[in-house]
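A.B. asks: Protein sequence lines, in the order shown, are assigned to chains Y and G.
For what it's worth, numbering that gives the first Met the number 0 labels the leading residue of the first sequence as 0, then goes sequentially.
For what it's worth, numbering that gives the first Met the number 0 labels the leading residue of the second sequence as 0, then goes sequentially.
Simulated from the structure, these hints should not be mistaken for laboratory data.
Among the clues, some could well be false.
If you only want the chain G side, here are some residues facing chain Y, beta carbon under 8 Å, derived [as the list claims (entries may be wrong)]:
no. : residue
1   : Gly23
2   : Val26
3   : Val41
4   : Gly45
5   : Ala47
6   : Ala48
7   : Thr77
8   : Leu85
Rough simulated footprint, nothing fancy, chain Y against chain G, three-plus residues with beta-carbon under 8 Å [claimed, not checked]:
no. : stretch
9   : 0-12
10  : 29-39
11  : 63-75
Counterexamples of contact, computed for chain Y against chain G with all Cβ distances above 10 Å [as the list claims (entries may be wrong)]:
no. : residue
12  : Gly6
13  : Arg21
14  : Ser53
C-beta atoms are modelled at their ideal positions from N, C-alpha and C, and glycine is treated no differently.
This is what each chain is made of:
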Amino acid sequence: MEWVYFGTCIAILITMVLAVVRGLMGPTIFDRVLAVNMFGTKTVLFIAVMSFLSGRPDFLDLALAYALINFIGVFAVLLFFQSRGVRREAEAEREAGK
Amino acid sequence: MDLLLDIASAVLLLTGGFLVFVGGVGVMRMPEFFTRMHAASVTDTGGAALILAGLMLQGGLTLVPLKLAAIFLFLFLTSPTASYALANAALLSGVATACRNQTGKQLPEDRMDPPSAPNSENSLAAEAPAPKTVARKSAKKAAPKRPTKKAAKKPAKKSAKKAARKKS
């Protein structure tokens, strides 16, 4: 059974690396947010599989905590960037009004 | 019975790993933001569900499958929400419209996301060339229509030129 866990771990790790690369070269800011979100989800899965691979299922609590943190973090970043266009327009109007 | 469970969970885990890998490659290689989101959602739904189900079969009669079920439930509540918020933010900020103007063939420069500052120029360029017959008219109209906005003047002219060149 170990090799199955091992193979799944490898697949998840490769995907994490690909997500990091996409986050580094992502042309828009939303690509980076997407990559961060994906990386967080893969972290949860990786911890879950790793806990079975090392035979200590207590790590699953950590996976749950990571899922929570990831969700909150992505939402914080998105709420900030969602209103960026509105803020920029308001700023431009203020500049033009002067 | 144990062997059966092992085989079932191995199949689930390996399929999940494969889906996760495919999603990662998709996120790397897809040409545009929304297609990339589609690839990422493959890993969030298929990959996560299969891997967690495969682990659940290995947990036995303990608290472990319950914890895994909690993770599963939480992931499946949050990942669509996060995807929705991400797509909504991208759509509102106008990033995603950069590739929308493809009616038939795609320009090679339109294929990838704009390198920087996608808001001003590309959203305008996306508006101008619709179907070919309308393109010239709307491009001609667009130039005198715009000058209320100072910043929008230049890109509108540029796109008009581009459309005219494309027509000829």
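A.B. asks: Against each hint, give a clear statement of whether it holds in the structure.
C.D. replies: Each hint tested on the structure:
1. The closest approach between the C-beta of Gly23/G and any C-beta of chain Y is roughly 3 Å, which is under the 8 Å cut-off, so the hint is satisfied.
2. Restraint check, Val26/G versus chain Y: the minimum CB separation of about 5 Å is within 8 Å; hint holds.
3. Residue-level restraint check for Val41/G is violated (minimum Cβ-Cβ distance to chain Y is 10 Å; threshold 8 Å).
4. Hint status for Gly45/G: violated, given a least beta-carbon distance of 12 Å to chain Y, over 8 Å.
5. Annotation: Ala47/G was flagged as interfacial toward chain Y, and the flag holds, the nearest CB pair being 6 Å apart, inside 8 Å.
6. At a threshold of 8 Å, the smallest CB-CB gap from Ala48/G to chain Y is about 10 Å, leaving the interface hint violated.
7. The criterion of a C-beta within 8 Å of any C-beta in chain Y is met by Thr77/G, whose closest approach is roughly 4 Å, and the hint holds.
8. The beta carbon of Leu85/G is positioned within 8 Å of a beta carbon in chain Y (closest approach about 6 Å), and the interface hint is therefore held.
9. With a threshold of 8 Å between beta carbons, the proposed coverage of the stretch 0-12 of chain G by chain Y holds, since 4 of its residues qualify and at least three are required.
10. Restraint check on the stretch 29-39 of chain G versus chain Y: 4 residues with Cβ-Cβ distances below 8 Å, three needed, restraint holds.
11. Closer than 8 Å: that is the beta-carbon criterion, and the stretch 63-75 of chain G has 7 residues meeting it against chain Y, so the requirement of 3 holds.
12. Distance to chain G contradicts Gly6/Y as a non-interface residue, since its nearest Cβ pair spans about 6 Å, not more than 10 Å.
13. With a minimum CB-CB distance of about 5 Å to chain G, Arg21/Y fails to clear the 10 Å threshold, and the non-interface call is violated.
14. Remark: the non-interface label on Ser53/Y is consistent with the geometry, its nearest Cβ contact in chain G lying 13 Å away (cut-off 10 Å).
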